[in-house]
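Top line first, the protein sequences correspond to chains A and B. The numbers in this note's numbering rise by one with no breaks, and the one at position 104 of the first sequence is 102. The numbers in this note's numbering rise by one with no breaks, and the one at position 230 of the second sequence is 228.
Keep in mind that the hints are not guaranteed to be accurate.
Identical copies go unnamed one by one, so any copy, or any two together, can satisfy a pair.
To be verified - Cross-link-like lysine-lysine pairs, in silico, DSS-like; alpha carbons within 25 Å at most:
id	residue 1	residue 2
1	151	214
2	31	151
3	151	110
4	151	19
5	151	237
6	151	212
7	186	3
8	253	31
The hints are simulated quantities; they were obtained by calculation from the structure and are not laboratory data. Keep in mind that this is a model prediction, so the values were computed, not measured.
There are 2 protein chains.
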Amino acid sequence: MNENKLYIIKVGGNIIDDATKLSTFLSSFSALKGKKILVHGGGKLATKLAADLSIPQQMVDGRRITDAETLKVVTMVYAGLINKQVVASLNALNAPSIGLSGADGNCITAHKRVHPSIDFGFVGDVDSVNTNLILSLLHMDLNIIIAPITQDKTGQLLNTNADTIAQEIAKAMAQHIPVTLVYSFEKKGVLQDVNDENSAIPMINRALFDQLKKDKAIFAGMIPKLDNAFAALQAGVEKVIIGDATELSALIEGKTGTAIC
Amino acid sequence: MNENKLYIIKVGGNIIDDATKLSTFLSSFSALKGKKILVHGGGKLATKLAADLSIPQQMVDGRRITDAETLKVVTMVYAGLINKQVVASLNALNAPSIGLSGADGNCITAHKRVHPSIDFGFVGDVDSVNTNLILSLLHMDLNIIIAPITQDKTGQLLNTNADTIAQEIAKAMAQHIPVTLVYSFEKKGVLQDVNDENSAIPMINRALFDQLKKDKAIFAGMIPKLDNAFAALQAGVEKVIIGDATELSALIEGKTGTAIC
Chain A
-1 MNENKLYIIK VGGNIIDDAT KLSTFLSSFS ALKGKKILVH GGGKLATKLA ADLSIPQQMV
59 DGRRITDAET LKVVTMVYAG LINKQVVASL NALNAPSIGL SGADGNCITA HKRVHPSIDF
119 GFVGDVDSVN TNLILSLLHM DLNIIIAPIT QDKTGQLLNT NADTIAQEIA KAMAQHIPVT
179 LVYSFEKKGV LQDVNDENSA IPMINRALFD QLKKDKAIFA GMIPKLDNAF AALQAGVEKV
239 IIGDATELSA LIEGKTGTAI C
Chain B
-1 MNENKLYIIK VGGNIIDDAT KLSTFLSSFS ALKGKKILVH GGGKLATKLA ADLSIPQQMV
59 DGRRITDAET LKVVTMVYAG LINKQVVASL NALNAPSIGL SGADGNCITA HKRVHPSIDF
119 GFVGDVDSVN TNLILSLLHM DLNIIIAPIT QDKTGQLLNT NADTIAQEIA KAMAQHIPVT
179 LVYSFEKKGV LQDVNDENSA IPMINRALFD QLKKDKAIFA GMIPKLDNAF AALQAGVEKV
239 IIGDATELSA LIEGKTGTAI C
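In isolation and in its complexed conformation, chain A is listed as follows (with noise of 0.2 Å):
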C-alpha cells in the first residue's frame, strides 16, 4: 500500500445491490492509500428497470443482448445513477472522485462484437485505453469510477463486460506504474467447494487452474475471470486478487481471499 502504486479494483453487482455491504465495501476502498481506480458493474439494477419498462432482456453465455432500448437502460443506470451514487459517496468520505464512461475523454475505444453466429447488438469489446488521461486525473488526486459504457470511433455507445474493463485498464496502466488487479464480489474467493463459503483457495497458478478446470472442481462461472487474471498477468500486471469486497483491506494485505500468479 503505497502512493507509488495503482490499485484497479472491479466491484461485483451482487455488492452494489446490498446498500450494507456497499457502504462497506466505500468505507474501506476511501481508505486504501494509493491510486485508485473503481470499476461497477450493476446488473440487477438495470434488469429491474427494463422489467419495469417492459424492455425483454435476452441473456446468452451470462452475456446481456444489447438492443438500443437495453442500451439506453445500462447507460443510464451504470453511466448515470450507479456511477454518479458512488462518486457522492465517496466525496463524502472524503476521497475525491471523477465518475467516467469509457466515453469520457475517448477513455475506453471499443468496437461492436462480430460473432459468427450469435447476434449481442451494442456490446463492445475493447480496442485501447487512454492511459495519458487516466494518469492525468490519477495525479490530480482523484478516484476514477468507471462505469462499463464505452464508445465507438463513430459515437456509438456500448455495453461492455466489466470485468474484461478492468483487465484492460489494469494491462494498459501497468506500462506506466506497478498495477495491482483486485476483483471483488461477494464471495471469499475462488472456492473449492462452492458451497463452502470458507473454502477459499489461497492461491492459483496456471499449472493449478488447469486441474482445476480438468476436474472440473471449480464454479463455471469463475472461469472467465480466473482467465482474465491470468492474461493480465502475463501483460504485466503485478498482481491479481480475488476476494469479498467487504474486506477490501484483508485481501490486499494477503489475509484472505485468492492470489493468482
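Chain B: place on chain A using the hints.
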C-alpha cells in the same frame, strides 16, 4: 473566438429532444474555436421516463418537485443517457469531451433548497464551483459537458436548474479567464413579440429590461434567464448572449440573437 476565451454554452431541452437540431448544434459546437463548457438540460426525456415508470411528477413555477424516485430518474437521464450520448457524439466529431455531473471531482457543491412554504425535495442550490478541476480539464484540451445534477457535502445528489449551473460556472470561471455565456435554445433570442420568431431584440440593457418587465412586454419564462444574465455580467462575465442553438456561430459573432449588456 480565440484560445484564451472560455465559452460556456447552455443548450435547452427542446434542442436535446430534437435529433436533427441537436446534431446541427453539436456540429457547430465542435467547430467553435476556444475552450468550451456545455451545460445541458433534458426535461422532456426525464418526464417521459417518469411517466413510463408511473412516477407522478409535480411542477411548481416551472421547477420539478424532486422526490427520491424522481431524483433517480433525472440522474439516469441527465448524467447517464443524455450526457454520454452528447460526449460520444462530440468525440466522433473530433472534439474530445468529458462528461461530468456536479458530483464528479466535487465539481459543483450545492445544498438542498430551503423554501418557506414549498418542499422542492431533492433540489439543490449551488454553493461553489471547483474552478481548479475545470481549469485542469480545459488545459487537457477537453470540452466539459455538464449534466445538471449536483451533490451536497453528505453525498446526497441534487437536481439543479441547468440555467443556474451555467451562470454559476460562468461567474466562478470569470475570475480566471474571459467568459462568454450563451443561453441557446429553440428561439431566435428574447422576442419582442412572442408569436413572431423574427422579433428578437438585438440588445438588452438593464434599463430596457426594467421597461420590458414593467410593460409586461416580455415572456414570463424569459425573466429568470435575464435575471441570470445580468447577475453573471455583474460578477465579471464579459458577454451574455441568448439565441437559437442551431445558429451558434452566428450567435457568437453577434449576427443574430440577443446580447445582454
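Evaluation of the provided hints:
no., hint, in the structure
1, 151 with 214, "neither (41 Å within a copy, 50 Å between copies)"
2, 31 with 151, "between (35 Å within a copy, 22 Å between copies)"
3, 151 with 110, "within (10 Å within a copy, 39 Å between copies)"
4, 151 with 19, "between (37 Å within a copy, 22 Å between copies)"
5, 151 with 237, "neither (32 Å within a copy, 35 Å between copies)"
6, 151 with 212, "neither (41 Å within a copy, 52 Å between copies)"
7, 186 with 3, "within (24 Å within a copy, 54 Å between copies)"
8, 253 with 31, "within (17 Å within a copy, 54 Å between copies)"
Of the numbered hints given earlier, the model fails hints 1, 5 and 6; all others are met.
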